[in-house]
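Sequences listed follow chains A and B, in order. Residue numbers for the first sequence follow our numbering, beginning at 1 and rising by one. Residue numbers for the second sequence follow our numbering, beginning at 1 and rising by one.
No wet-lab data here; the hints were simulated from the structure. Errors might be hidden in some of the hints.
[Said to hold, decoys possible] Stretches of chain A that chain B covers, calculated by requiring three or more beta carbons in the stretch to come under 8 Å of a beta carbon on chain B: (1) 66 to 74; (2) 95 to 105; (3) 131 to 138; (4) 220 to 233; (5) 236 to 249; (6) 285 to 298; (7) 373 to 384.
For glycine and all other residues, C-beta sits at the position ideal for the given N, C-alpha and C.
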Amino acid sequence: MEEEVFEDDETNTPLSGRTVTRILQQVVPYWKLVIFFLSLVVLITISDSIFTYFGKLLVDDAIIPRDPVALRSILTNFAILSIISAGIVFGFIFITGLLGEKVRYDLRRKLFHHLQELTFSYFDKTAVGWIMSRVTSDTERIADLVTWGLLDVVWGITSVLVATGFMLFINWRLALLVMITIPLLVGVAYYFRRLILTQFREVRRINSKITGAYNENITGVRVTKSLAREDKDLTEFQKLTGMMFNASYRANVLSAMFLPAVQFISALGVAAVIFYGGLLALRGETTVGQIQAFIGYVTFMIWPVQEMARVFAQMQQSIASGERVFSLLDAVPEVMDKPGALETAHLEGDILFDDVTFYYEKDKPVLRNFNLRVRPGDTIALVGPTGGGKSTIVNLLCRFYEPKDGRILFGEHDYTDLTQHAIQSRIGMVLQTPHLFSGTIRENLRYGRLDATDDELVDAARLAGAHDFIVTLENGYDEQVGEGGSKLSVGQKQLISLARAILADPDLFIMDEATSSVDTLTEALIQRGMETMMEGRTSFVIAHRLSTIKRASRILVIEDGRIAEQGTHAELIRAGGHYYNLYTRQFRREREVALGITN
Amino acid sequence: MTTDLDLKSTLSKRRIVGMWRMLTGYRAIFVGAFLCVGLAAVCQTVFYYLLRYFTDDVLGVEGMRHMLPWVAAGFLGLAVAQGVFTFMGGRWAAKTSESVIRRLRDYLYDHVQRLTFAYHDKTPTGDLIQRSTSDVDTLRRFFGEESIGLGRIVMLFIVNFTALLTLNVRLALISVVVVPLVVAISIYFFRKIGQRYEVFQEEEAKLSTTLQENLSGVRVVRAFARQEYEREKFEVTNRGRYVSGRRLLLLHAIYWPTTDVLVGVQLVIGYAVGAGMAIDGTITVGTFLAYMGMLTWIMWPIRNIGRLIVQMSMALVSFDRVSEIIRVDREPLDVGTHRPGGRIKGEIVFDDVRFAYSEEMAVLNGINFRAEPGQVVALVGPTGSGKTSLVNLLPRFYEYQGSIRIDGVELRDYTRRDLREQIGFVLQEPFLFSRTIKENIMYGVHREVTDEDVYRAAKAAAVHDVILRFPQGYETVVGEKGVTLSGGQKQRVTLARTLLKDPAILILDDATSSVDTETEAAIRDALEELMPGRTTFIIAHRLQTVMNADLILVLDKGRIVQHGTHDELLTQEGTYRRIYDLQSQIEDELEEDLAAVTATPVQPTF
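Pulled out of the complex, with its shape left as it was, chain A reads as follows:
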């Protein structure tokens, strides 16, 4: 489904030699297999031609001279060749297929490994569905091209050459006559394939619209029903299926024409053989067996030509796949470990933002000359309007991005001198939208620390306030959470992600708007877990709930990429500035109502 949506960029990519070379390079590690299967293919074309030749021998050497001994020896050879050819067929199917599996496996592995290196800036601008299509369907197409595609082309070319060779050997005059049809055959086949391909591209385009329509129809069904929109929606959809009918019918009619067209050309060849062969036979210059073999070779010729036409027509699509896959592999991660970067066990000392400037797009700075020193154990609350730069500060801190200017220090180290692993493995994070992986609750908790014992697991869950609900589940800690945690409520997922962070026992704890989408009672629970977590641990908190913010050792009001104001809760309230305004604005009115009622 997603694949369909992201296939739009498949239009006319020019055949790029570099991409073709790179696609072919994928099989270089297995060059022995390639040579092996290609040799088998050549052998199979030769054996195909010999089979046809046996027919000639049967007629000319056994039947017409009425020679049973010759018949026996021909059939014995025929049987032996059948067995040899079966062996070859086994070999090339298995080896070609295996090569395909290997190429696919390698490509997917490379892509996945590379994806683990890429930085957030890449994921920010690239849709998950797009990446998925690259890893699943594009690798498939590339693997097919370098295996079955290559096989078909080699088979096609050698088949034509070998059959021509046999014909020349059998009767060169007839052969020369027949050879005239070959370019015609190839030309017509290629022309038709191109035509059909273009038409099917239109079909695919409409089809992705239809898939999109279904997708919206089904995911939005509740809205459609509550607005009683069914009739209009159907009318609109019928326009799409009408277009689809026209395009698809046209494409299929073209396809239905393909085989008759090439067969007609090969029939021209057969007619020529019959006519000219008949004339030659009258002069005793050819035999029945020869004519029969020629008919065999000529009618057979349409298959290799058809296959080659198919491969060449599809090649463009495979090359487009290759280009997209390589563009992903070539994407350079913006954050990389320096050579010889330090792998420290703990993050120690003050955290210092030293004159940090950062932007996502060059002309729109998000942080400007930002300075901040945080002592171990401090809790820093970041508040301020959306888009002010709060999340950016946290992302820089985690080194998901690096400063464009200035530096960030952990203790005495500029953090670019450390490995990413040294930093990120010491961070615990709870996000606004909790993300769980499919599997059990236990597996999800263990994501925080892979070697945690069951007791430690339960302790962490208790601290987070998750234990109580977990034990009410049918399978307790071994309950499956479903894809993306879909079997749990948002609040429950948040409690588990909190427990996961607690289990990691990080040096630095980061929380990003973690309670905004849960009900009040769950919120209180999460709140308590967080407080446990933050105690004595350097923490950064983005929140709009006062209770969390108030406990911070320092509150930073971030506006337009700068610290507009900072201090403790009491100090800021007293100052009567941004913070004071922010919160009185937010809470005053409802407070008024409440006071009015309780008084």
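Using the hints, position chain B against chain A.
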């Protein structure tokens, strides 16, 4: 149009019958397609008869030279005839399948949007989409290509075998001795291939789930520095997929040469007997040549029979999966004895209302309350207490027990269409369609509206200025292929949509919880615009949203545990008070802080 046939009437216990019925209206050309394919096979066979004539009576026979051009022309003529028949067969099959599938697509689209909420609740969307797209496509391929392929194979076999019988009965019978064996092996192998293919598909699905979770959870992966762990996880699935692919491959690699050998054996037997007869003079050389050709066209279909069995069984599985959807009953939109005639007033009475999604789990258990026209009713309570279920009963999204009356008339007597046109919903997760903002706002109205009406609704929803800031304004397309709106912006567009619809009953299901505080305030203002003159239901977590309600219902485990106004409920011990205390404690503290730092009491800022 194409939906004149109710596909439900085509369903049958026997799948083949069901498929046949699905072809209603196109059966003639479908059968025509088969006939064409058969005629093409006949041409193929006549070719060999002509070859026999050519060999025995023209070639090398003195005085027959003048026949050569005629024979050559005969071969060409046959090729043309065969081509025309093949083409017509393909064309008619395409016409059949494309028409039938178009009808099926339209039907499914409409059917799915007319199924009940209860059905959609328990059916994963991915599964429904899968059935509507790829299963339908499997059927399309079956009707258009595979069934014709099957017809071709059957016809080739029958025609050539019959022709062989007329050539020589003994020869004909000898030529099919390995056929039962090949068929048996094909069936065996392709059943196995089918099984391994399923395993292979599962592995592929696992791989894409692993990948998808890794990508969508990229923040978690990075935050815990678990790249190595993820690589290993992917390695396991990638390897599993590789191994299952190899196992599948092995079967193919064994099947084809095995049948090759059997076919080889058949050819050797056939040639031995045939050539022997030719040497004896029992048959002519021409007959032997014709025989060789026909034998090829008997063996070719036999070898492909297994593949067709698989395609056929895949098509049947897809047909079943599609039929399962068609079989489900639609929810009638226009059935009802009471037509209100105009706008309803909005007096609502719940009388011992009970409701359950499944038999063992009661979601609502004896709900009683009354709302006067224009009143605001707030629903409060923990997740799963039945708040959303309660409001979902009003447009008859679900069937209930007990009695619900609007303006004194039982809900069941209204048509669903009337109810839904008079009730407006604003949900927690705003849903917009991939079309322009203007179309989205107009999406719910069935009357003519002017641009001015749309602007007015957008202004009231506090989103007009936001929209004008987009380069294309109201013509901006939202969604995947267009502009991404923030949660708050989306919510305000759905508000405008509801405003324009102008419903008599308004339901706000947690409409402001997923937006930031600024936006929340803007939305709340817009909501206040929206509520007067309508009976309104509000579901909310934040009490400040519900304080002004005329009636607050506190739900717990499907029952109303407390009801009254904010004032009344605060004086009672209970859930409401507990939630209130939790929420106001913070504000109390703030108030104290403010009081502590300012000498004079704080003046409201607005």
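Mind taking a look at whether chain B covers the region 236 to 249 of chain A? Criterion is 3 or more residues with CB to CB distance under 8 Å.
holds (count 8)
Check, residue by residue, whether the region 131 to 138 of chain A contains three or more positions whose beta-carbon lies closer than 8 Å to a beta-carbon of chain B, and give the verdict.
Check passed, 4 qualifying residues.
Residues of the region 220 to 233 of chain A with Cβ under 8 Å from chain B, three needed, outcome:
holds (count 12)
Can the region 95 to 105 of chain A be counted as covered by chain B under the rule of three residues or more with Cβ-Cβ separation shorter than 8 Å?
Per the Cβ count (6), the hint holds.
Quick one: see if chain B covers the region 66 to 74 of chain A, three-plus residues with Cβ-Cβ under 8 Å.
Since 4 is at least three, the answer is holds.
Outcome, coverage of the region 285 to 298 of chain A by chain B - at least 3 residues whose beta-carbon is closer than 8 Å to one in that chain
holds (count 4)
Between the region 373 to 384 of chain A and chain B, are there enough contacts, at least three residues with CB-CB distance under 8 Å, for the coverage claim to hold?
violated (count 0)
Checked against the numbered hints given earlier, this structure breaks only hint 7.
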